Amino acid sequence: MLKGHLDGLLLATLAAGPRHGYAIKEALRAGSGGRFDLPTGTVYPALHRLERAGLIRGSWSTVAGRRRRSYRLTAAGRRALSEERSSWQEFSAAVTALLAIA
99 MLKGHLDGLL
109 LATLAAGPRH
119 GYAIKEALRA
129 GSGGRFDLPT
139 GTVYPALHRL
149 ERAGLIRGSW
159 STVAGRRRRS
169 YRLTAAGRRA
179 LSEERSSWQE
189 FSAAVTALLA
199 IA
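The opening residue of the sequence shown carries number 99 in our numbering; numbering runs sequentially from there.
Keep in mind the hints are simulated off the structure, nothing from the lab.
Errors might be hidden in some of the hints.
Quick list of in silico lysine to any residue cross-link-like pairs, SDA-like style, CA-CA up to 20 Å [unchecked claim]:
hint, residue 1, residue 2
1, K101, F134
2, K101, A192
3, K101, G131
4, K101, G132
5, K101, A144
6, K101, S180
Label-pair distances were calculated between CB atoms; the ranges are [said to hold, decoys possible]:
hint, residue 1, residue 2, range
7, T194, G129, 19 to 29 Å
8, G163, L197, 15 to 25 Å
9, W158, I199, 45 to 55 Å
Source: prediction; values computed, not measured.
Note that beta-carbon positions come from the ideal geometry of N, C-alpha and C, so glycine has one too.
Work out the full structure: start from the sequences and follow the hints.
Structure (structure tokens):
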């Protein structure tokens, strides 16, 4: 079900502000009631892809002696998220209308 929507979901987790990779994974899990408990091998490559596309920007920090990379939305990322939300609303309305046909 996530195919084609993962990027939008990742961007949405960053809408409230910067997060490091594990916090993004946790936000997806918590925000979906545990339904989106994605493996690291899915999330981090997608974050790297979004960074290469200029939709997010990453920066390194050290917390409690451990390095971690935090990500934040860029202006292009905010625009992409807005477009993704509009597209999703149109798509979900169409699916709901079709499923409601009796």
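### Hints not upheld, ascending by number
Result: hint 8 breaks, nothing else.
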